[in-house]
Amino acid sequence: MNTTLFLIQCLNGLQLGVLLFLVAAGLTLVFGVMDFINLAHGVQYMLGAYLAVTFTALTGNLFLALPLALLAALVLGLVLEVVVFRHLYDRDHLEQVLATFGIIMFLNQGVKIVWGAAPLSVPVPEIMQGSIALAQGVLYPVYRLAIIGAGLAVALGLHLVINHTRVGMLIRAGSTNAPMVSALGVDIRRLFMIVFGFGAMLAGFAGIMIAPILSVEPGMGDTILILAFVVIVIGGIGSIRGAFVAAILIGLVDTLGRSFTVDILRGFGMTAPNARAVGPAISSMLIYVLMAAVLFFRPSGLFPAKGR
Amino acid sequence: MPRSSRIIPLLLFAALAVVPLLGLFIRDGYILNLVSRVMILAIAALALDLILGFGALVSFGHAAFIGIGAYAMGILASHGHDGFFTGLVVALAASALFALITGAISLRTRGVYFIMITLAFGQMAFYTASSLRAYGGDDGLTVAARSLVMGAKLLKDDRLFYYVVLASLIAAYVLCRAIVASRFGRVLQGAKQNPQRMQAIGFNPYPYQLAAYVISGMIGGLSGFLLANLTEFVSPAYMSWQRSGELIVMVVMGGMGSLHGAIIGAAAFLLLEEWLSGFTEHWKVIFGPMLVLIVMFMRGGILGFVQRLAGGRHG
Amino acid sequence: MAETATATPEVVLSLKGLRKNFGGLRVTDDVSLDVRCGEIHAVIGPNGAGKTTLIHQISGFLQPDAGQVFLGGSDITALSPDKRARAGLTRSFQITSILPGFSALENAALAVQARSGSSFRFFGTVADEAALNSEALAMLSEVGLAERAATPAGLLSHGEKRALECAIALAMQPKVMLLDEPMAGAGHDEGQRLIALMMRLKATIPMLLVEHDMDAVFRVADRVSVLVYGRIIATGTPDAIRANPQVREAYLGEEVAHA
Numbered sequence: 001m002n003t004t005l006f007l008i009q010c011l012n013g014l015q016l017g018v019l020l021f022l023v024a025a026g027l028t029l030v031f032g033v034m035d036f037i038n039l040a041h042g043v044q045y046m047l048g049a050y051l052a053v054t055f056t057a058l059t060g061n062l063f064l065a066l067p068l069a070l071l072a073a074l075v076l077g078l079v080l081e082v083v084v085f086r087h088l089y090d091r092d093h094l095e096q097v098l099a100t101f102g103i104i105m106f107l108n109q110g111v112k113i114v115w116g117a118a119p120l121s122v123p124v125p126e127i128m129q130g131s132i133a134l135a136q137g138v139l140y141p142v143y144r145l146a147i148i149g150a151g152l153a154v155a156l157g158l159h160l161v162i163n164h165t166r167v168g169m170l171i172r173a174g175s176t177n178a179p180m181v182s183a184l185g186v187d188i189r190r191l192f193m194i195v196f197g198f199g200a201m202l203a204g205f206a207g208i209m210i211a212p213i214l215s216v217e218p219g220m221g222d223t224i225l226i227l228a229f230v231v232i233v234i235g236g237i238g239s240i241r242g243a244f245v246a247a248i249l250i251g252l253v254d255t256l257g258r259s260f261t262v263d264i265l266r267g268f269g270m271t272a273p274n275a276r277a278v279g280p281a282i283s284s285m286l287i288y289v290l291m292a293a294v295l296f297f298r299p300s301g302l303f304p305a306k307g308r
Numbered sequence: 001m002p003r004s005s006r007i008i009p010l011l012l013f014a015a016l017a018v019v020p021l022l023g024l025f026i027r028d029g030y031i032l033n034l035v036s037r038v039m040i041l042a043i044a045a046l047a048l049d050l051i052l053g054f055g056a057l058v059s060f061g062h063a064a065f066i067g068i069g070a071y072a073m074g075i076l077a078s079h080g081h082d083g084f085f086t087g088l089v090v091a092l093a094a095s096a097l098f099a100l101i102t103g104a105i106s107l108r109t110r111g112v113y114f115i116m117i118t119l120a121f122g123q124m125a126f127y128t129a130s131s132l133r134a135y136g137g138d139d140g141l142t143v144a145a146r147s148l149v150m151g152a153k154l155l156k157d158d159r160l161f162y163y164v165v166l167a168s169l170i171a172a173y174v175l176c177r178a179i180v181a182s183r184f185g186r187v188l189q190g191a192k193q194n195p196q197r198m199q200a201i202g203f204n205p206y207p208y209q210l211a212a213y214v215i216s217g218m219i220g221g222l223s224g225f226l227l228a229n230l231t232e233f234v235s236p237a238y239m240s241w242q243r244s245g246e247l248i249v250m251v252v253m254g255g256m257g258s259l260h261g262a263i264i265g266a267a268a269f270l271l272l273e274e275w276l277s278g279f280t281e282h283w284k285v286i287f288g289p290m291l292v293l294i295v296m297f298m299r300g301g302i303l304g305f306v307q308r309l310a311g312g313r314h315g
Numbered sequence: 001m002a003e004t005a006t007a008t009p010e011v012v013l014s015l016k017g018l019r020k021n022f023g024g025l026r027v028t029d030d031v032s033l034d035v036r037c038g039e040i041h042a043v044i045g046p047n048g049a050g051k052t053t054l055i056h057q058i059s060g061f062l063q064p065d066a067g068q069v070f071l072g073g074s075d076i077t078a079l080s081p082d083k084r085a086r087a088g089l090t091r092s093f094q095i096t097s098i099l100p101g102f103s104a105l106e107n108a109a110l111a112v113q114a115r116s117g118s119s120f121r122f123f124g125t126v127a128d129e130a131a132l133n134s135e136a137l138a139m140l141s142e143v144g145l146a147e148r149a150a151t152p153a154g155l156l157s158h159g160e161k162r163a164l165e166c167a168i169a170l171a172m173q174p175k176v177m178l179l180d181e182p183m184a185g186a187g188h189d190e191g192q193r194l195i196a197l198m199m200r201l202k203a204t205i206p207m208l209l210v211e212h213d214m215d216a217v218f219r220v221a222d223r224v225s226v227l228v229y230g231r232i233i234a235t236g237t238p239d240a241i242r243a244n245p246q247v248r249e250a251y252l253g254e255e256v257a258h259a
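Residue numbers (this note's numbering), protein chains in the order written: chain B, 1 to 308; chain Z, 1 to 315; chain R, 1 to 259.
It cannot be assumed that every hint is accurate.
Said to hold, decoys possible - Partial list, computed: chain Z residues near chain R (C-beta under 7 Å): (1) R183; (2) F184; (3) G190.
Unchecked claim - So, partial list: chain B residues that the calculated Cβ filter (under 8 Å) puts toward chain Z: (4) L98; (5) I226; (6) I237.
These are calculated hints, taken from the structure and not from any lab test.
All C-beta atoms, glycine included, are put in the ideal place defined by N, C-alpha and C.
Build out the structure end to end from the sequences listed, making use of the hints.
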């Protein structure tokens, strides 16, 4: 096995993991605090990417587009919260699933109307183009390193906010007992809006960052949504720490799995044509097998939030 | 059981039985095809209502069983095994196996975890099918012809096939009705209402829920087998998570926990889709908000709405 | 359950050294007691003493950290709640727990169904099973709910739901019953009915009664144990307990003033 390839795929796995974390963090927070299962979270991510396309086209520069797109993503998220989501907080999960499913339909179609169905793209910012040598013969794209760095920085920031600020304390309290927090005089409506806005921005940020690398198209949020679900189920619903660990784990398993399953199968003695026929099927199953394994031993995930 | 619960299904099946005869006056190929598709998906919706409406098990991966049934037919056919009964048996067995394994794991979880883990297993089936390059992968697999019944191309006749599908729907309905009214059904519904109380009485919900899940999966497999026959095409899209979501929409929109509601919901969904897409390719922009409004304001789905109109406010 | 004339009655339920901690808090502290044939053994104690936690451990909804539970001589500590129920141990819940979507009759019939044959029967309408229905109706009559047999359990009054829980417990033909504060929220008449029911039943079904209502306890109980901070500080006849100075100090002193 090629060590260079292995290292590169590890980094790719880390990059995917970091992106997954950004999306999953919002999802798990919203579920932990508001007990709200938001299928439409993936569209936040997609909206971030589309807004990045538009604002980069307008300003000519991804760095200028970033704050604008973030702000727009936040506004759109809050509009959704006020118009639809807040009326669903006290409904049962099935109804939340259905309503947010309707929102996905609406927005996936909506972006087609506004931006067209053809895939769009955003150019990588000039200073981040190209690759740098990390070690002997290991070249890695600068932009992807930037994503990893930005993602880890946000993760750290989130950790600091949740654990060392007043808002974070309210979020943690709301996660364990929202009615009590409300009874203590905290404006629970505002807290929910803040949590929701946070989540929307995190997902939007992930979408903005990924726009130069992935093609921006309708429905791109759906795949990442399901992966994010797997992340929070493994990590434990309501737990940011769990989401982080699970996201990195899944990013690595999925990426390395796709690259090396065929080789591993051959290592076990399977013939090349068989390995190539069966390999892709197995590698696409890996993270679900992982999820099943975790849930078998820990039905509430690795780090279930207290009080759930 | 209230009288309406006996009359409505009878009316439904009577109406369905009459449709091919109407076709003598209209473009019957299109109508037959559409209503066949409605009935086939109604079978899958029925399967889901059994565990969702009566067992409170929100499976977000039920389309996987449609896919498994379809691929059973397609894969066997591509290897020259095109017998109807052989294909059906394999479809049911494969669905049962998938349901047993994924159900055994999923049912160890509750609530939201269950929804997400069934979603994930559904995705797993989807991606596995997409990676089967030998059987078309992403693009799917065209099947040469419908299954042969004892060597004869009987099913080639759309009208005869329609009645085969109708018979399957009625059979599935009767089976589900019997199950719901049986001892087993009572335990399942008890577990839905109060699992703790059921344990205190002496019932462990798990084996019953697993059995229901397997039965439900098998009926879903039947649906997929028939779908592959109808379209003579098999594709991973049959088991996308959107399809699973649509199944849930059908069940809830019709009125969950009634069985015939699932049939009504499937019909309403597909007919609405056909109608709206006649106006615009962007029909989902209309359907999405409609769904949100239905959830917010129409409790109990179509059946509930009709019952309230007919009988005053029963709540 | 043989009743010998002179020997000590047979022990039906026995707890040995039960211990349960929640984090640093010792909720059940080396609890041992037994319930004998023909008796009602009441457990009293101030709020927060750990009475409901004890019931959860006996019925299997919570696993103790140490200690054992014996039903009729068999160690049931490792059994799941449903297995314990089938072995003959029934319980009521502090917050009345019935099946709201089923009628009162169906609730009781389900309890009968649990002990009569397999429930993996997919054909055959259970509502038509005469044996289940007649037994269920008999249980409902026992608790005075026969007229409400067809009412959905969710629509019954609070007291009727309580009675239904009793009917469900009786329908299981238990060897021992655990009652978790059955008098709570019961009006005067209903309370009297419950006391009468308990007196009627104790000859055939011994009971472990967790209760706050001192009037009821001293009327029906043959023995009383006092649970304070998870620990049994005294066991004895109601009179002995009333006179026990430790108990008076820890608990009864306040209750006597309120009774």
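Hint check:
{"no.": "1", "hint": "R183", "result": "4 Å, holds"}
{"no.": "2", "hint": "F184", "result": "5 Å, holds"}
{"no.": "3", "hint": "G190", "result": "5 Å, holds"}
{"no.": "4", "hint": "L98", "result": "5 Å, holds"}
{"no.": "5", "hint": "I226", "result": "5 Å, holds"}
{"no.": "6", "hint": "I237", "result": "7 Å, holds"}
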